[in-house]
Amino acid sequence: MGEKTIYQQLKEEGLSRRDFMKFCGLLSGMMGLEFVAPAKALGALARPDPARMVAEALESKPRLPLIWLELQDCAGCTEAISRSPSPSLVNLVLNKISVDYQETLMAAAGFQAEQAKLDTMKKYHGKYVLVVEGSPTIGENGVYCTIGGRSNLDLLKEAAEGAAAIIATGNCASFGGIPKAQPNPTGARGVWEVITDRPIVNIPGCPAIPEVTTGTIAHFLVMGQLPKTDSLHRPLTFYGHTIHDHCLRRPFYEAGKFAEGFRSEGAREGHCLYKLGCKGPTTYNACSSLKWEQGLSFPVQSGHPCLGCSEPHFWDGGGLYQGQSAPLDRPSLAAIGTAAGVGAALGIAMAGANSLKKRNAGKTTPPPDKGSSE
Amino acid sequence: MEWTDILRFFRGPFFAVSLIIFVGGMAYRLFRIILLGWPRDRVESRGSKAVGIVRTYLKGLVLFPFIPWVKRTFGKNSLTYIAGGLFHLSLVLVIFFATPHMLVWKSLLGFGWPTLPLPVADWLSAIGIVSLLVLLVNRLTHPVLKLITKSPLWLNWTLVFLPFVTGYVMTHHLFSRYEVLFSLHMMTVDILLIWIPLGRISHFLFYFFSRTIHGAQAGKRAVTP
Amino acid sequence: MNTQSAINTYVKEIGGWAASQLEACTRCGLCADACHFYQATGNPEYAPVWKTELLRRAYEQRFTIAGRLKLAVGLDKRVTDEDLKHWSTIVYEACTLCNKCAMVCPMGIQLGPLIHEVRSGMAAAGVVPGDLMSATMKQKEVGSPLGVTGKTWAERMEWIGDEWEVKIPVDVKGADTLVVFTSIELMKFPDSIAAIAKIMDKAGEKWTTSSNGREVVNFGFFKADEELTKLFLNRVFEAAKELGVKRIMISECGHAYDAFRWTAANIMEVPKGVAITHIAQVMHDFWKAGRIKLKKGIYDDGTITFHDSCKIQRRGGIIKEPREILKWLAPRSFKEMTPNKEQALCCGGGGGVISIQEADPLRFAVFGMKVDQMKEIGAKSVCMVCSNCRLQFTEGVAHFNSDVKVRGLSEMVSQALE
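Chains as they are written, first to last, in this note's numbering: chain D, 1 to 374; chain W, 375 to 599; chain R, 600 to 1017.
Do not take every clue at face value.
Taking CB as the label site, the calculated pair distances span [as the list claims (entries may be wrong)]:
1. R/Gly901 to W/Trp528: 54 to 60 Å
2. R/Lys840 to W/His462: 51 to 57 Å
3. D/Ala335 to W/Glu418: 26 to 32 Å
FYI, nobody ran anything at the bench for these hints, they're computed from the structure. The C-beta atom is built at its ideal place from N, Cα and C for all residues, glycine as well.
With the hints as extra help, turn the sequences into a complete structure.
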């Protein structure tokens, strides 16, 4: 096509071969290339070297066009990515490799920016990656979130139509996020509930871990397809284990040493935060293994219970500081009172009927027999 | 249908419904019995009924469960006494003093309390499971129990056994994903809550009637209950 | 046979008291091993919980939705004629209503009174063992289950007075205490009657017997026929009222104490200001008050033990009085059987069982356990304050060729009077 390959581009930007190979190694690690099958399918070596695979891909493939749509969002996922320390993998992937359109980060604005987006979509129809941040809203035909006078549903469908793959980043795009919390006034949904005819991967999290988003993009770049996912369309590489499974405080959980409060002795000792409402056991994400800020820390390590932010409905998951075992729906005192009252009333009625029976039995009992038994 | 959705269902609306049925059902049972008529006792007491009642509760709840071997009937029924006692001990301690359960109570009542270390609660629930199995075998082999046991009792055993087992498996993250195990545990707990008012498991309520009656009649006669 | 009468009786008589206890049962089966009939024979049908099965069925099938549903889907059975016949044998011949089962039940269920209630339905249906029925009819018609007429009674009392040289007052108006004896004492243990008379005289008590209220035994109570129970109680109450006594003293009888002291006021109008006492209490009170003096240690001639009668000790509360007397009379020789007091083992003759010939093998099988108890402590003699127990013991030791001497405490006390 006459387009420069990624490697060529990077070389032009001043990246040395050595740094390029290091980059490829890091990228392959970030992608979690444990899944050899895809690699074999691509006709790779008998014993694939992940870094080499990545290098070969970047050397042969042109730049990946990427459009980043923000719907009903807080831009937190974008902020997380852009706040990553530089120079970073994330920056390299996003700034150097892709991103034609990103509302928060791009310099352009207004109709020209929109036009640029439409041009990319036309030029690379069927080839570009669509990253969606923020939830689509189906309430009243999408009127609750409009950009440039057009409803978010419109924009999403338009962009999705020519996308090779869709990456829904953040809990909002994946599952609806905070806007979907009861009573969900805008009709927020996950992207996959609105677009059903395109390959979609969910990168939930609030925000999503930057390396997970970019790792998934990189996977698509290198492998030409989206990574293997679980039943909620989350890449197994990153979402195959719960926070609990890799949590550094797990030994305390097993020993039953819990922090009683945020200022307690246990908290200072770094005890398990189960009692403070940690949702680790049911939350699938890479926080406890990959961690945040390039492996610096993650909420539990810093002393705050996991909120379960990569799970659907986590805002309705029963209180952020409420024990994970607690029920999600509690009947109100009024409901319990009513139940007791109704039960009591029925019991009284039954007792009344039984008492009547007793009285009638008394009347019909014949006098005791005078003779003996047979 | 995802397991996360199933989990939400059994922790959420189904739990609320089962709790409501539990409360309503127990209220129904209670009032159905209470209002069946209690004629006044016109017999003059020799001793104090109240004293008899206090003594029988202390003996029945606090003393004898922990020294069952002093009872003459222990020899031929040691399995019933020991397994039955251990099961109840495990049940009470795990339901109220295991950390995850305490958090459930806290969410319902608004306050919590100190709990047992996880390994202790773990051992207790294991003891509960083993005791239940022993009691099952006992009921299948003891001549009197075979005679008096009808089908609802087997259901009682099963519906009590399942929450124990699923809870244990869940805590140890065995066999399957956590949300699957959690769902099964909540499902069995919810079903148990619905079943309790329907059968003999509600003996925990009627215990207070029979024990008080027993203590009163002994106290009245100035006999040790 | 009228099975519907039985069911109607249960429906009529089950109130909160019975219902809450029937609901409390967890089917643990521990009551079985408290029952001496089960212990002696190993027959699971003698488990107290099984004895109340018909009551449970009637209750559940009439008063509860669950019970009706179980019946509808075939998980439970109705009460049939055969059931009534079958259970009649069990509750009249394999149960003495000793209430040991209630002591062992983890829920504290009063199985004895519940089994009494089962009998009540049987009585209404006319399904009662023949021997018990005829004894009851005799008491109704003649005044005594042994068929002792008023005339015979008077003659026998006169003979006892002559033979033992004691004064036995009859129909004395204005006396303080009305003493009522049993036919068993009259015919089998007249020494007991003489003994009691002697004690009353020595204590200077203003006492009397009554020719109308002359029988303290209550076969209506055994049969669990409330009308007859009241009839037999009333004969004594009327006499008490007529003679203007301050108290009724029951001689050596167990179930009579239960019927008069712990049951009467709840089934009928009892005479006001008339206390109900038992000879065991009264002679203890006389002794403690110094109205009679007893020679110390006159029975120290071999280990002697005390048999607790179910209705006087466990269900009556008169536990320490006989022991205090015995410990005075035989300070070095008195030994307790194990178990004892409110945990004591029933003799096997109570509740009307002794009157039913078909029940003989059972009551002797049970009595074997008493023999073992006495052997265990090397007892040479045993005493008690119930003449029904005494009859069972007398026949029992003969049956087992035991040489243990069977005594009544009253006659021992009268021999020890100073």
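Hint-by-hint comparison with the structure:
For R/Gly901 and W/Trp528, the Cβ-Cβ distance of about 56 Å falls inside the hinted range of 54 to 60 Å, so the restraint holds. Checked against the hint of 51 to 57 Å, the C-beta distance between R/Lys840 and W/His462 comes to roughly 53 Å, which is consistent with it. Between D/Ala335 and W/Glu418 the Cβ separation comes to about 47 Å, which falls outside the hinted range of 26 to 32 Å.
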